[in-house]
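K.L.:
Please work from the sequences and hints to get the whole structure.
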Amino acid sequence: MGRTTEILKDGIKVHFIKTDVYKTDLSCVILTVPLKRETVTKNALIPFILRRGTAIFPNQYLLNKEMENMYGSEFNCGIDKMGDNLIIKFYIESINNGYVLNNENILNMNISNVLDIAFNPVLENGLFKKGYFETEKETLRKVINSKIDDKDSYAYDQCINAMYGDNGFGLYKYGYEEDLDSITLEDLTEQYNTLIQNSKIDIFISGKVNEEETKKYLLENENIKKLKPRTENYILNNQYTESKQNVENTKEIFQSMNITQGKLVIGLDVCSNDENVNMVAQVYNAILGGSANSFMFQNVREKASLAYTARSNFVKQKLNIFIRCGIQIENFEKAYELTKLQIENIKNGKITDEDIENAKTFLIASIGNIEEEQDTEVVYYIGQEISKTNITPKEYIEKIKSVSREDVINLANNININTMYFLKN
Amino acid sequence: MQTIENNKIKERVYVEKLDNGLTIMAFPKKTKKKYIIWSTNFGSIDNKFYYNGESDVTIVPDGIAHYLEHKLFEQENGTNSLDTLTTIGVDANAFTTNDHTAYLFECTENFDEALVEFMNYVQNPYFTDENVEKERGIIEQEIMMYDDSPEWVLYMNLMKAMYKDNEINIDVAGTVETISDIDKDKLYKIYNAFYRPENMVLVVCGDFNQEEIINKLKSMVTMEGGKFSTKRVYNKEQEEIVEKYTEQSMDISMPLLMIGYKDNNFSDSKIKRELGMALLENLLFNKSSKLFENLYENGKIISEPGFDYEFSKNYAHALIQIKTNFIDDVTEEIKNYIENVKNDGISEEDFERAKRGIYGDLVKEYNEVSTIATNLVQDYFLGVEPFDCFEEFSSITKEYVENLLKEVFVENKKVVSVIKPI
Numbered sequence: 142m143g144r145t146t147e148i149l150k151d152g153i154k155v156h157f158i159k160t161d162v163y164k165t166d167l168s169c170v171i172l173t174v175p176l177k178r179e180t181v182t183k184n185a186l187i188p189f190i191l192r193r194g195t196a197i198f199p200n201q202y203l204l205n206k207e208m209e210n211m212y213g214s215e216f217n218c219g220i221d222k223m224g225d226n227l228i229i230k231f232y233i234e235s236i237n238n239g240y241v242l243n244n245e246n247i248l249n250m251n252i253s254n255v256l257d258i259a260f261n262p263v264l265e266n267g268l269f270k271k272g273y274f275e276t277e278k279e280t281l282r283k284v285i286n287s288k289i290d291d292k293d294s295y296a297y298d299q300c301i302n303a304m305y306g307d308n309g310f311g312l313y314k315y316g317y318e319e320d321l322d323s324i325t326l327e328d329l330t331e332q333y334n335t336l337i338q339n340s341k342i343d344i345f346i347s348g349k350v351n352e353e354e355t356k357k358y359l360l361e362n363e364n365i366k367k368l369k370p371r372t373e374n375y376i377l378n379n380q381y382t383e384s385k386q387n388v389e390n391t392k393e394i395f396q397s398m399n400i401t402q403g404k405l406v407i408g409l410d411v412c413s414n415d416e417n418v419n420m421v422a423q424v425y426n427a428i429l430g431g432s433a434n435s436f437m438f439q440n441v442r443e444k445a446s447l448a449y450t451a452r453s454n455f456v457k458q459k460l461n462i463f464i465r466c467g468i469q470i471e472n473f474e475k476a477y478e479l480t481k482l483q484i485e486n487i488k489n490g491k492i493t494d495e496d497i498e499n500a501k502t503f504l505i506a507s508i509g510n511i512e513e514e515q516d517t518e519v520v521y522y523i524g525q526e527i528s529k530t531n532i533t534p535k536e537y538i539e540k541i542k543s544v545s546r547e548d549v550i551n552l553a554n555n556i557n558i559n560t561m562y563f564l565k566n
Numbered sequence: 114m115q116t117i118e119n120n121k122i123k124e125r126v127y128v129e130k131l132d133n134g135l136t137i138m139a140f141p142k143k144t145k146k147k148y149i150i151w152s153t154n155f156g157s158i159d160n161k162f163y164y165n166g167e168s169d170v171t172i173v174p175d176g177i178a179h180y181l182e183h184k185l186f187e188q189e190n191g192t193n194s195l196d197t198l199t200t201i202g203v204d205a206n207a208f209t210t211n212d213h214t215a216y217l218f219e220c221t222e223n224f225d226e227a228l229v230e231f232m233n234y235v236q237n238p239y240f241t242d243e244n245v246e247k248e249r250g251i252i253e254q255e256i257m258m259y260d261d262s263p264e265w266v267l268y269m270n271l272m273k274a275m276y277k278d279n280e281i282n283i284d285v286a287g288t289v290e291t292i293s294d295i296d297k298d299k300l301y302k303i304y305n306a307f308y309r310p311e312n313m314v315l316v317v318c319g320d321f322n323q324e325e326i327i328n329k330l331k332s333m334v335t336m337e338g339g340k341f342s343t344k345r346v347y348n349k350e351q352e353e354i355v356e357k358y359t360e361q362s363m364d365i366s367m368p369l370l371m372i373g374y375k376d377n378n379f380s381d382s383k384i385k386r387e388l389g390m391a392l393l394e395n396l397l398f399n400k401s402s403k404l405f406e407n408l409y410e411n412g413k414i415i416s417e418p419g420f421d422y423e424f425s426k427n428y429a430h431a432l433i434q435i436k437t438n439f440i441d442d443v444t445e446e447i448k449n450y451i452e453n454v455k456n457d458g459i460s461e462e463d464f465e466r467a468k469r470g471i472y473g474d475l476v477k478e479y480n481e482v483s484t485i486a487t488n489l490v491q492d493y494f495l496g497v498e499p500f501d502c503f504e505e506f507s508s509i510t511k512e513y514v515e516n517l518l519k520e521v522f523v524e525n526k527k528v529v530s531v532i533k534p535i
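From first to last, the protein sequence lines are chains A and B.
Number 246 in the working numbering belongs to position 105 of the first sequence; there are no gaps in the numbering.
Number 458 in the working numbering belongs to position 345 of the second sequence; there are no gaps in the numbering.
Hints are computed from structural coordinates only; laboratory data are not their basis.
Here a beta-carbon is modelled for each residue, glycine too, at the ideal position from N, C-alpha and C.
All clues stand as given, with none of them false.
List time: in silico SDA-like cross-link candidates among lysine to any residue, alpha-carbon distance up to 25 Å:
#1 K448/B <-> K526/B
#2 K349/B <-> S168/B
#3 K314/A <-> S416/B
#4 K501/A <-> D196/B
#5 K565/A <-> E290/B
Simulated DEER-style distance windows between Cβ atoms:
#6 T484/B <-> P175/A: 36 to 44 Å
#7 K367/A <-> T484/B: 38 to 46 Å
#8 G219/A <-> K455/B: 32 to 40 Å
#9 N525/B <-> E179/A: 50 to 58 Å
P.N.:
Written out as structure tokens, the structure reads:
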């Protein structure tokens, strides 16, 4: 159990998560780069092109036939925001070698395939295949435009953008339509070459894996051989880098759409650079809106019957808490006031020891689940990797346990509403 | 106690039927996470019944099964079991489907303590005018959330166009209007009628000794069985569809298309049919298919079509879902493509590859305690024995799948639902 990390080359690591809980193995390649307005659209487009095929399986039909032959292995790629960084990930989930019907080593084949997808694309005269480039540009355009389709996540993204503008964490992870047209095939191929030679690379192998053999297998892989050592170039986010100023006035933003239910998102700043702020903020967030026992769930949903969803989440990289509710549009004032009251009540110490204990129990149980889900575990460790911390789930539990009621109330008095965003009709 | 095992995936499940009629299943799994689910065969389609031998039929408001699911957590001492379970540090939840309602929790710690609360709340309803009233606003917001979900509206519109009378065309949560009629007496009546041991199954999955856990659960079951008969009434559904096409506008970026085929064959083995459909999905619609290749290369779709085969005792249908700006072209291409495959048949090579893929998918179903337990519940209500899928799967031939395609994917049983941007 737990993670062991080996450095393959400077800036390129492999992490083994050895576990026999699952019938599946997960092989994952993650590239981390800073989020920037000028590169976000290009970087978002890259995985769309890479998923089209590899030098070995040069189109997606052949690649997917290979996946089916590997007993329904599932290949996927995606992008995520983690603080001010963009995470580009490629992963293959496959059944463990113990369940195959003809003794194949499908773990090794899948590792080789996922490395090919990330590092060995179909090239024509040193450039991405033109046809793929053209179609994927249009696909990305549609994906960018579809951000309005899920109203809940749209409202969340809009609130973040209002707080951070078109920088880092404020950017839309899929980029911007207006940037698409000017991207040329040459630009994009060049951006890709820069990306793979400069980004931080983390390879995760989770499952019934033999570390020694797999490390050897990786070092002999042609793709790994071709990658140069690099300096890890990404943005470190933590309580020392994210100093927040107390805002004088809350930004209030209203936007209209043709919808039935209103979406209220409130962005809070956690103004502290205390060593332990992440842990205290986790407890604070659990009390405010993290669980079914939270103030938001109990008072906005259960007592006032104003919402079905009433919750909050803590973004540790940026020291923000986002409260999110789906409410009847006419009830906006009532819900907003009641939400502000919950924040005030914690500030004024209107929390019991029981609230603190409940919040800790809830968090400890969630931490206990990290090692029970293969993808959750990978996400946990990449988060650790990027924040340059190395806390095992067990240590994490101990830190949560040590948070006191005073810690929470002190922090509550340094938490302020930055932005209120309401999506209405 | 009956033992059912499967050598391919090296797993076992233990089943015991209690004297009161309740079925308990224990699936040992060496994980830290434990999962328990207690489910009754009562869902949104069960809206008409003869209550305990009464001669008049009782008709309950749409959405009542789901309303009851929300309210079962209330306790007489004023506490709410969801809060209590959360306090213990377990992740508790409940859900309602067309044909069943389930209560569950999962945890890595404190299983025993949570179990006491769990076994108590499912068996002891406490409804008052006040606590029933309080929930109305919450459920209204849940309904309104779905009203803004384009995928959900697309699906419900298709159900209404496909089924004239079958209760599957009722929204699981009901509507703001239908739930306004729900009161505590109605909730008690359906609880008494359907939350009966012979109508329920209790499944536990995790690191347990099977005998110990089954005995423990047995000792906590207080419900009495027998001496009560409620007969459900379902509308008789016509074989034909209602409308070929349905359309609605919403604030979205790109049109959504769903094509459904009504399947009227209820005599075939359900599990075999489901696996046959999974193979057809693989062969006809996924990323290695010719259909995907053509539509994608021509810029008509941006992602793999979604495919689903939904079935219960009295309805079944196959659904294809696509995001596209070319509704008519794509509908036409799918039609022609299906006809071509019907005529040309499936190649031996493609069939074998699809089978390997589906075999891997079946193995993955036994990865996680939550998936294992919820699948056992679903299969139980459909009359499917645990692990039967592996047996049935090896018996499926290419001819069976080709016939299934010809039987289900027919034009006069087809319904098209579309959501267009405003």
